[in-house]
Amino acid sequence: MSPLAPAAVRSASKDSQSSGVPPPEGTKISPAAFRVLLVCICLLVSILFIQEMLTYTAGRWGAPLDDSYVSFQYARQLATGHPFQYNTGDPPSTGGTSLLYQLVLAAAYLVGFKGQGLVAFSYLFGVLTFVIATLYVFRLGVAFGGHRIGMAAGILFIANGAIAWGFFSGMEVGLYTLFVVGILATIAGSRGEIRWPVSFLACGLALTRPEGFFIVLLMVGALLWNHLFSRAPDVAAGPRRSTRALVWLAIPVAAGLATLALNLLLTGRLAPSSGQTKMIHQWVPPLESIRTSFQYLADVMKGIFAGSYPDNVAVGLLGEGVSTYFPPLTFLFFLLGIVFVLLHELTSKRAGWAVISALWLVGGIGLVAFTTARGFQRHRYILPYFPIILAFVPIGISWVARVLGERSGLRDYHIFWAVMSFFIFFSVCSIAPAISAHVAESGTSLIQYEAMAHWIDGNLPLGRAVAVVDVGILKYYGNRPIVDIVGLVSRPFMGAMTTGWGTVWEVFEHMPMKDRPAYLAIQDVAKVNFPGIDDLLRIWSTQVCVAGEPFHTHLALYRADWLNIGSGTMPLDPYISGEVEGLDLTDELDAAYLPSEAGHSYENYVTAPGTKFWTSLALLASPSHGDVPVADGGRYVWGAERFTMRTVPGRDLVLVTRVAARANLLTLVYGTLILRGLGSAEEEPIQVFVAGEKVGEWLPPRQAETWEERMVRIPGSMIDGEETTIELSGRFHSFHHWSFQ
1 MSPLAPAAVR
11 SASKDSQSSG
21 VPPPEGTKIS
31 PAAFRVLLVC
41 ICLLVSILFI
51 QEMLTYTAGR
61 WGAPLDDSYV
71 SFQYARQLAT
81 GHPFQYNTGD
91 PPSTGGTSLL
101 YQLVLAAAYL
111 VGFKGQGLVA
121 FSYLFGVLTF
131 VIATLYVFRL
141 GVAFGGHRIG
151 MAAGILFIAN
161 GAIAWGFFSG
171 MEVGLYTLFV
181 VGILATIAGS
191 RGEIRWPVSF
201 LACGLALTRP
211 EGFFIVLLMV
221 GALLWNHLFS
231 RAPDVAAGPR
241 RSTRALVWLA
251 IPVAAGLATL
261 ALNLLLTGRL
271 APSSGQTKMI
281 HQWVPPLESI
291 RTSFQYLADV
301 MKGIFAGSYP
311 DNVAVGLLGE
321 GVSTYFPPLT
331 FLFFLLGIVF
341 VLLHELTSKR
351 AGWAVISALW
361 LVGGIGLVAF
371 TTARGFQRHR
381 YILPYFPIIL
391 AFVPIGISWV
401 ARVLGERSGL
411 RDYHIFWAVM
421 SFFIFFSVCS
431 IAPAISAHVA
441 ESGTSLIQYE
451 AMAHWIDGNL
461 PLGRAVAVVD
471 VGILKYYGNR
481 PIVDIVGLVS
491 RPFMGAMTTG
501 WGTVWEVFEH
511 MPMKDRPAYL
521 AIQDVAKVNF
531 PGIDDLLRIW
541 STQVCVAGEP
551 FHTHLALYRA
561 DWLNIGSGTM
571 PLDPYISGEV
581 EGLDLTDELD
591 AAYLPSEAGH
601 SYENYVTAPG
611 TKFWTSLALL
621 ASPSHGDVPV
631 ADGGRYVWGA
641 ERFTMRTVPG
651 RDLVLVTRVA
661 ARANLLTLVY
671 GTLILRGLGS
681 AEEEPIQVFV
691 AGEKVGEWLP
701 PRQAETWEER
711 MVRIPGSMID
721 GEETTIELSG
731 RFHSFHHWSF
741 Q
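Each residue of the sequence shown is one higher than the one before, starting from 1 at the first, in the UniProt record's numbering.
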């Protein structure tokens, strides 16, 4: 260990090597008393969260997140014999994300925790995991710095409002946090041996969240380094214990691989269906996503860990607000603390809990930054890594206290707690805002969504499905089939909304009529929360009930109008219909419908740097349809689009393209979301190419309120295969392509 390390740390480290439990410094309080005190404080904070929530909700149990009820619903389905089906009979989906948490909730359901009882169980489970995690944090501090460090780390952990909120969120956040601190504490106290508790806890981590498997791989890599290149105790003890250690490491890896295999088996994708709608790369250009990810990392480091942002400062891609989760200077003392522990481990050429902590902070937060870069729901994706920061802060303070004590003649024990009081004060100040937010969120869920769920059951025709953007509580407390247009639990919509409302409409259009929802339930502030949705609401033009009544909330219910579904599957222009009469329809590409685009190798090349266009939805008139407008989803082309059509070799081909002069378009330009109407360039013709050779051109449409279609004839001499690649270059709204021969 570095000679500059605090005396308490050096002595504790020596004692740890001999007995594993160093004596307390500067106090005669027994270790058991420390634990009892921490448990009491933990229970006090838990009681405050639960009591305030029950007071606000008039004694009814409510979870703060709609996603919490998604977990409850999946668990209920699992317990009643319909695993991975959000609605009974649905195709399998993995929108619950956490396999282990679903199993825990399902077990609770089977023993009698049903309805609001399951919500109550989530709180009881949160208290249990909160207490155990607190003891692990205490053990982690003790393992390196003695009971003073352990006590300080435990207090900072309990008093952090954001961490406490995570344990009572109704989600797997607390369970994931428990496994994170449990693994680190076990490794810190095991003197480098790979034991079964590490394997057990790592299995839980891999089964709790998808990123848990990635974190486990980082840990396994570090411990394998010890095993193969360092004189680890397992290796020194002989081949039998060495082999056993490798088996302990292989078990959590197998558990993580099993979750990936399950996702692949159920949905055809490695990632859970809930993750498909949150991936940043799906709806942000590559360079912009990289810039946003690094900006998110900077926001997290400066704003959250350093405590430098006030309340409600924008953080992350969508500018979510952030509360002050850490006292000022937290990150500085964290760095001071982790440096000493890292120096000790690196000089001994062994990866211990500090190396693994550093890997987890970089890997865990980095994974969130480069996959979602969002801070919604109080940063619950990175909340489990907060205790790692807090565990090192007392070590950094201990070093500062040692240096100041040597220079001032004061006892470092007193200096340590004087500095700690600053951090404890600001930590305690974060509890009240966290409780307030938790109470408001829990009450809002019950007051708004449960009321709507019961109203729907009592007033709408039986058996009719309801489309929603918040899928959890409406299904858990309601009895109607739910269609999730966000794509968390409804497989046809996976990735649709992040592509654009044009894609959402196309999914509706291609659904069997029996599966289409009859209603849409949505907040009246949806135009703010979901830019561009007003085009979809034009189709659901009839409001069954407006926001405010009968729910006294910000929810509204729309009746779906499917008159224009399928009305635009063929060309609308009478002239073009006459021109292709007698020809065979050899293929069609429905723009914005992802399966159709994938089947035609569709590519959209955007020449505007840093710009990403969402698919657009247009509801326009057509001369051939009278007063009934035709809805279609499409893409804005700013550069070129390329696709492949099935063709008959040697026969002339007529390519028909549906276009629009203007449509509302959600655009991302260098991180700024813009909703605007874009028209085509009036004087620039759209050029059509086959095999790099120009075969025709046409002028963009000019009538803003009607559909228009364009036709290009391609000679049979250029159709030399069963598939022909066609490229259209220019600026225009593209909605549909047909090939006739």
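Derived by calculation from the structure, the hints in this document are not laboratory data.
Predicted model, so just to flag it, every value in this text is computed and none were measured.
Every residue gets a Cβ at the ideal spot worked out from N, C-alpha and C, and that includes glycine.
Treat the hints with care, since some could be wrong.
Said to hold, decoys possible - Have a look at the derived ranges for each label pair, beta carbon to beta carbon:
| id | residue 1 | residue 2 | range |
| --- | --- | --- | --- |
| 1 | L585 | A250 | 52 to 60 Å |
| 2 | W196 | L270 | 22 to 30 Å |
| 3 | Q703 | M301 | 47 to 55 Å |
Outcome of the hint check:
no.	hint	result
1	L585 to A250: 52 to 60 Å	56 Å, holds
2	W196 to L270: 22 to 30 Å	28 Å, holds
3	Q703 to M301: 47 to 55 Å	53 Å, holds
Violated hints for the displayed structure: none, as all numbered hints are satisfied.
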